[in-house]
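Trainee: Construct all of the structure, not just a fragment, from the sequences and the given hints.
Residue numbers (the numbering used here), protein chains in the order written: chain A, 89 to 433; chain B, 197 to 476.
Hints in this document: simulated from the structure, not taken from any laboratory. By construction, the Cβ of each residue, glycine as well, lies at the ideal position given by its N, Cα and C atoms.
Label pairs and their computed distance ranges (CB to CB):
no.: 1; chain 1: A; residue 1: Glu203; chain 2: B; residue 2: His475; range: 24 to 30 Å
no.: 2; chain 1: A; residue 1: Glu203; chain 2: B; residue 2: Asp374; range: 25 to 31 Å
no.: 3; chain 1: B; residue 1: Asn472; chain 2: A; residue 2: Leu416; range: 37 to 43 Å
no.: 4; chain 1: A; residue 1: Lys382; chain 2: B; residue 2: Asp374; range: 54 to 60 Å
no.: 5; chain 1: B; residue 1: Gly376; chain 2: A; residue 2: Gly375; range: 55 to 61 Å
no.: 6; chain 1: B; residue 1: Pro448; chain 2: A; residue 2: Pro106; range: 40 to 46 Å
no.: 7; chain 1: B; residue 1: His475; chain 2: A; residue 2: Glu217; range: 30 to 36 Å
no.: 8; chain 1: B; residue 1: Leu204; chain 2: A; residue 2: Gly317; range: 46 to 52 Å
no.: 9; chain 1: B; residue 1: Asn472; chain 2: A; residue 2: Gly167; range: 24 to 30 Å
no.: 10; chain 1: A; residue 1: Glu168; chain 2: B; residue 2: Ser303; range: 17 to 23 Å
no.: 11; chain 1: B; residue 1: Lys205; chain 2: A; residue 2: Ser304; range: 40 to 46 Å
no.: 12; chain 1: A; residue 1: Gly265; chain 2: B; residue 2: His475; range: 21 to 27 Å
no.: 13; chain 1: A; residue 1: Asn213; chain 2: B; residue 2: Gly376; range: 34 to 40 Å
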Amino acid sequence: MAKALLEFNAVDFHHKIPSPKVFNPLNKIHGLGIENISLSLISGNIIGLVGPNGAGKTTLMKLLAGLLIPDDGEIIFNGEKIENTNRPNWSKKMIGMMPENIHWYGTSTPFKVIERLFTIRNMKNNNIEKFLDFVGLGVKVHDSLDSLSQGMHQRLSLACALIGSPDILLLDEPMNGLDPVAREAFAGVLKNLAKQGKAILISSHQLAELERMVDSVILMHNGEIIETGNLENIRKKYGIHNDLILKFPEKINDLDEILSKGDFENLNYKVSEIEDNFTIKINSPKGGWDTKTKQEILECFISNNMIPYDFTSQKIELVEILSAVTGLDVDKVGMSLREKGDNNE
Amino acid sequence: MSNKIESLKLLFKLSKMEIKNNLLTLRMMVLFPILMLFIGGSSWGFSDRNAQLPADVSANTPFEVLFLSSVFVLFSATLGVVLIGFDGISRKKNSGLLAIEFCQPTSRTILGLSQLFGVWLTVALPTIIISLISILLIYKQMDAFPSIGDLMLFIFATSLVLLWYASIQLLVSSVAKDVGSAVTLGVGAWLLFTMIWLLITTVLATILGVDATNMENEQFASFSSKVDMFSPNGLYQLLLEAKLDNISRKLPIWQLSIATFFWTFIPSYFFIWRFNKLHA
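Mentor: Rendered as structure tokens:
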């Protein structure tokens, strides 16, 4: 049975925000953070950490990596409870972290960057080229950081996380700046690492790109975990189904009449017309689509000489899942900013 | 015990790496000729017996030449430490590299000390080498070497003042949120001790009733020597003055020792403390 390499139990953390006062210029107040977080990173599993901007993903990543110290809660590494304030080196060895948006610049080279980290880890420097080759930087080993593309910078960040072959990989927005080909290769690398028994946590605000590679997701909103588990099960649980999209080369004037000929109950749809494209988006029924209904809708149009040139299902975006899980309106979930934080001095 | 030796070895390796990286930067390419001109040039000029120095300044012995050159060390080498160290922490913090380094299984104290030694020795080593070259220039002009004791004191004091500046620079760099504030804080700290300190001394003297209108008077000399203990530049000069005979503002050795101890350990302690608390 796969074992939990790292567990968080009821972990709380609030950022301390400077709030100078006349008689106390160093005064700080509690700002936003994360609350009551419990999770397990299991050997061989790839978990997606999903949430909108400001949900607390990066804060959680930093807490897991030991860069921030929790205010409260329990941390267990390999079954051993450790002190929140002092992470032993053996537990640090287990973690490889790829922070979000590292700005690699200057005349240094990937070789020098990795060489320094090897030295910090007290590792021998004789296989750096081979190591960089693994992440696809074999031919750029001695090029200056300024001359590398954004995708190559991301690969270098990944290489930094892989140093010392850690058991747990924490990757914060790793797909930023990668082209589709590199994303595919990246997904392959992660799957291989998971097969070797690594626990991988990937944060992203783009659900679609994670869907192909993760075993389960952790959904965060306003600093809390609001749902965990397999994405398909979450969809089923909240009755979230894909909308149907039909595209026509010309406008359909008698749409209500055409659809009324079919035996459909409560069919909700929206139309949009951009230049020569006439698009109909039909909302999914509560229980989801069945094949027969889809066929009937298509037949309905074809029998009226309205042949769609495209007939697809719209991908469900993060905002729709968040809306379903939180019960908030789609617009509110997307635009609302967090107002939490206890402001305790 | 073996753990401590391993830590020291790691500190040595990381410091060496830091020095190597710093020495190959454009900043160092700019700094090196400045050090050469300021320290070497001033030693050559002050040791020239035919030179007419302003304000009755005279340098009759090799150590007096070194003492006068120390002003140029303060204008060049300490500025060099500012140039190398002002963004030593803030640059890594803003780029995200500090987060990666903090994730590694190495104590932050070792990382911080290697940063400190890196900045310090990057400037201190060329300064010492140029100072040694200056000794040869002085010999060429005066046909005399400073005594070993004088030379050791000069190198010791020069190294220390650069260490104090390195600690201050890295401390302010760890506070800075961006490059702009790193420059402001770094250069501001340098200006405070190099340019504004005399003004602070004079204002304090006036407030405390010491006659500051005549800087030659003994009361002011004694007062300024005490205030100078709170400035790295002032303490550097006081340390060198301890070996000069014709100086009226000498402080007891125990006071100089305490000030030196505090300047060596307090700023660096604060830097390491801050580095350990830093959020990457």
